[in-house]
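Given the coordinates of chain E, work out where chains S and P should sit on it, guided by the hints.
Protein chains in written order, with the numbering used here: chain E, 1 to 298; chain S, 299 to 870; chain P, 871 to 1175.
Just so you know, the hints here were simulated from the structure itself, not pulled from any lab data. Just so it is clear, the structure is predicted and the values come from calculations on it, not from any experiment. Cβ atoms here follow ideal geometry from the backbone N, Cα and C, with glycine treated the same way. Treat the hints with care, since some could be wrong.
[Said to hold, decoys possible] The following residues of chain E were derived to be distant from chain P, with all beta-carbon distances above 10 angstroms:
| id | residue |
| --- | --- |
| 1 | L47 |
| 2 | T53 |
| 3 | M68 |
| 4 | L114 |
| 5 | V157 |
| 6 | L191 |
| 7 | G196 |
| 8 | T199 |
[Stated by the list, open to error] EDC-like, lysine to aspartate or glutamate: derived pairs with alpha carbons at most 20 angstroms apart:
| id | chain 1 | residue 1 | chain 2 | residue 2 |
| --- | --- | --- | --- | --- |
| 9 | S | K487 | P | D915 |
| 10 | S | K482 | P | D915 |
| 11 | S | K482 | P | D927 |
| 12 | S | K613 | E | E179 |
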Amino acid sequence: MASIGALARPAALRQRMGSARWLTDVPLLPTLILGGLVFTALLANVLAPYDPTLPIAGGRVFQPPFWMEGGSTNALLGTDFQGRDVLSRLIYGARVSLLVGVTGTAVAGGIGLLLGVIAGYLGGWVDQAVMRLTDAWLALPFLMFAIFLAALLGAGVLNIVIVFGFVYWTRYARVIRGEVLSLREREFVRLAQVAGVSTPRIILRHILPNVLNTWMVLASLTVGVVIVTEASLSFLGVGVPPPTPAWGLMLSEARSTLMAGYWWLTVFPGVCISGVVLAANLFGDWLRIRLDPQRRDL
Amino acid sequence: MRRGASASENRFSRRAFLTQVVGGGVALGVLSACGPSAPQSPQNAGPAPTAVEKLNAPQSISTAGAANTAAAQPTAAPAAASTQPKGQFNYVWHTTISPAWFDPQENPPQITPYNFAYALHDALVKHLPGQPFAPSLAESYEVAPDFTSATFKLRQGIKFHNGDPVTPEDVQFTFEHYRGANAKVLHDKTERIDLVDNRTIRFQFKSAFLDFLTLYGCAASGAGWIVPKAYYQKVGPDGFKQQPVGAGPYRFVSQQPGTQVTLEAFTEYWRKTPNVKTIVMRGVAEEATRVALLQTGDADVANLIPGQLLDAVRKDSRLRLAPVKAGPIWLELGALDKPDSPLKDIRVRQAVSLAIDRKAFNDAEMGGMAPAEGNWIPEDWPGAIARPAPTFDLARAKQLMTEAGVAEGFDVDKITPLPPYSSFAERIASQLRAVNIRTQVNNMERGAFYEQLAPGPNRLKGFVIQLSGEPGDAAARVRENATCDGTFSGLCIPDVSDRMQRYDASTDAQERKKLLDEAQSYLLDNYLMVPILRQALIHGLGPRLANSVEEIEGAIPQYVYIGPYEDIRLTD
Amino acid sequence: MRRFVLTRIGYSAVSLVLLSLTIFVVVRATGDPAVLLIGPGASRDDLAQARTLWGLDRPWPEQYVTFLGNALRGNLGTSFQYRVPVRDLYFERLPNSLLLALVALLISLVLGVPLGIISAVKVDTIWDSISKIVAMFGLSVPNFFIGLLMINLFAVWLRWLPAAGIGTWQHLVMPAIALGWYFAASMLRLTRSSMLEVLDSEYIKLARLKGLPETVVIVKHAFRNALIPVLTLAGINLVIMVNVAVIIETIFAWPGIGRLLYEGISFRDFPVVQGLVVMAGGMIVGVNLLLDLLYAWIDPRIRYA
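Next comes chain E alone, as it looks inside the complex (with noise of 0.2 angstroms):
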């Protein structure tokens, strides 16, 4: 078994990943710009000059930034329409979308990869279930789900997490479903089959890795599109709850102040989520374009 099992381990996995030297081999910005987004939501204790949710004391409601006339450098990015300082604000908001972000994707591709492994490997009338279960799906108005949960639930982080993987999955199931199932058909696969080992044996040790990467592609870019999607609930009142700090509340709630002339209130928790998103982006590029060049269409 255990020959079979080290002759049946796909040899491509190794190559790719093999040696460690790949790592040299990161792209510069997006690596800077995601690690600074961990730095900062783990210690945002230490960063933040103030806590985000209360109101500088001593300052001013919709005070600008420091460079401009009526800005003060007690707050270096301006106050909000509570008096709380802009620049805490989004170093705090750094913990809301890393955790958004990283939950949002294990959610939904954790679901997204089991009905897509078991509608891939197992064939049949499972596969038509479950792909016609996602077709269906996309029907389904999930900004509905999220006002839902919202009312059965309680506003909270945890809805949005639940309604993004809720609705996302989707698009983990069919393209993971497609690499299974030409999987399937591999050599060292149908070794594994003939010589006995139980399913859930070979999913786990056979399917599972190999599909691992085209999971990572796509993890990396779910985590751009569940940033934006908080701004999104947000505007619909289903998002994060305030006063917690997260860059789409800050978006959404100051959505109006453009007219007055208050700029900094979304440009810069704009700023932040178009560079977390491009630095995911880019990332999952680069990830793609290094563990299977020949595939394009993630």
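Frame of chain E, contents of chains S and P only:
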């Protein structure tokens, strides 16, 4: 209203309130409908008199007799010399426009439908600028001294939009088929309706009905807004909502349900011919878009400009802001989140009230335009008591906290605002930090919020910020919010509940006033309800509107939208 | 063939009924419409009266049967809030939503596909990088923000376009761009990668070897083949657009079904929510059914699968 029933993120809609009588010296010899008879002295015209003028329903009003009315109403159709209406007025409304609002027969207890009622319909008695309970479709009316009957005499020559005359049969039909707010009370207490002659109608009650005029003659119910019997029966309630016919200054032309309504001037309106020919009302839920429409000139008036956008409107010199007094905003302290919470102690509750910086709140949220009042019920409502506005005294608050033994502060589970007034809760929560009271903002989804506002084990505890503005009177407000089985009450205190029960049972006006005053005093003196501010709804007026702010916004008592519609003028 | 048709129709019917049952239960689990619609200050009597008026005091099974029975006859109930038949509301607003989605889709294709082609043809050059950045921008800025920016710029400041509403083609421009923006970016990426894959293929190498001019190679051969996944995505995007349009509809006061549903949920307007979800489900199921029947008719093997 506290809790809007219209769609959209803004829950400002439906405020009932009374504006102080400004301008036009109006002397009203009135008798309180729900209190001891107290002659009112004529109020001087002028800015905000310090004494609050009460909104007391007059016992009888007649245009023929009184030498006091500001607007001398013609009793016949306007003279031919008046100019024809022209032009189009574009009104941007802040929520979906529900066709249900075109039918006064089903008016919910909110102020929003009355915007449409004032445009499309007319009532026997309604508030007019400077004239609460003004006779409108009725030329005169009289409430019996023992409150057992009320008689109305219709004007001559009044018609509905479809040409049918307004008759006592229509009044009777309207009343008997009314299904909206307070329908049960009105129907239960009415014995019968007599059609005395072809212009006179008398309501006979089973017993003294002190609140009749308060319920019938203002926005507490839609029963007084007359619909045409023949037409209503022909098309049915749903058909009526699709194509309403009324007796008001504007007739219905067309609608796209929810989105837009088009109205046209009814030149035979008894009060005057409207100046503007066409009115188009559009529902725009997004506040920034409403302001944009104002700035581009596509809107002549836009409702509800939020605090964040006031500067945007101020910067544009062509635009004006019209603050209108709505209902009070208050903080509920009575439902304790923990049985041993320090909020049990009255000193702590007082400290909470002293720690709220109402001026900062006002400046940020309402551009400083909100009046400060000392009661959580609008002071100018029937039965409400007036109190001096609460003060902001952080030092005293801290002292009281120390005396109560909680100088280092404590936690309150949560502070829940009426959705979507999150910023109110955030502001109060951060202000309370100054006395070391820590709490979490709890923003709920609308539906869930209302569910948890009903009395019961799920009732919201800790701090709750509410707004109120439904039409009614002080007694209704106390009943709903502070008695053991009030619809939205978190309090169950014998001192209050008992008094209200006795109030409801009593027929002695003096006793009722005493009980109601005591109930309100109890709540305020014990800091169970802490008034924050009286909300100011701020509307935006564009350059084409020729009226002054006072003429057209906030001119009608207990009404927070534009009106009267027939008085709107455009510069053109 | 007949058996196939009947079974497929049967499945479709069953799934629709299941959908209706699901949505029926879910909306009722979310709360009581009376309080929301009648509002505060309502006495218990007012609330009870409203509930009776709307048939909410009957037991759930009875309500469901009524609902289903009516739905089968084309009556989706009357909106609690609007007091207008749901069917009328839906069909009045549906064209608006479809118009917006179609134009947005068109914009996404017109913006995304050409840029994607250029990006693929000039891969790894400055054009490619610019395209990538543009795509990123599209994917990372929420559509409500784009919408408000455009209103500020094009309506308030420049006065080129009306700020909101519906009526003329000018009213359609900004909402369609705001809605289509994100999808233009995803079209760009997909076109690019699809083209790259095709350009690398044997077929194209052969065409080049044959000496065909490059433009012909790209347009006639590469693009045609790359188009297939692009069109598939376009179809999916259309459905997604109708779902997310609620935000655009709110910003631009565009009377579509997205906003109708959103308000229906917020107000627990059961008939509206039930009606709209069933209609949407019905359309999807209906379209799938038609496609299935079409494929089966074209390719008999499918019937026996």
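Evaluation of the provided hints:
1. L47: Label holds. Min Cβ-Cβ 23 angstroms, cutoff 10 angstroms.
2. T53: holds (23 angstroms)
3. M68: holds (19 angstroms)
4. L114: Non-interface label on E:L114 holds, nearest chain P Cβ at 22 angstroms vs cutoff 10 angstroms.
5. V157: Its Cβ never comes within 10 angstroms of chain P, the nearest being 18 angstroms, so this holds.
6. L191: holds (29 angstroms)
7. G196: Since the minimum Cβ distance to chain P is about 30 angstroms, E:G196 lies beyond 10 angstroms and the statement holds.
8. T199: holds (24 angstroms)
9. S:K487 with P:D915: Distance of about 15 angstroms is within 20 angstroms: holds.
10. S:K482 with P:D915: holds (7 angstroms)
11. S:K482 with P:D927: It holds: about 19 angstroms lies between the C-alpha atoms, which stays within 20 angstroms.
12. S:K613 with E:E179: Cα-Cα ~59 angstroms, so violated.
Consistency note: the structure conflicts with earlier hint 12 alone.
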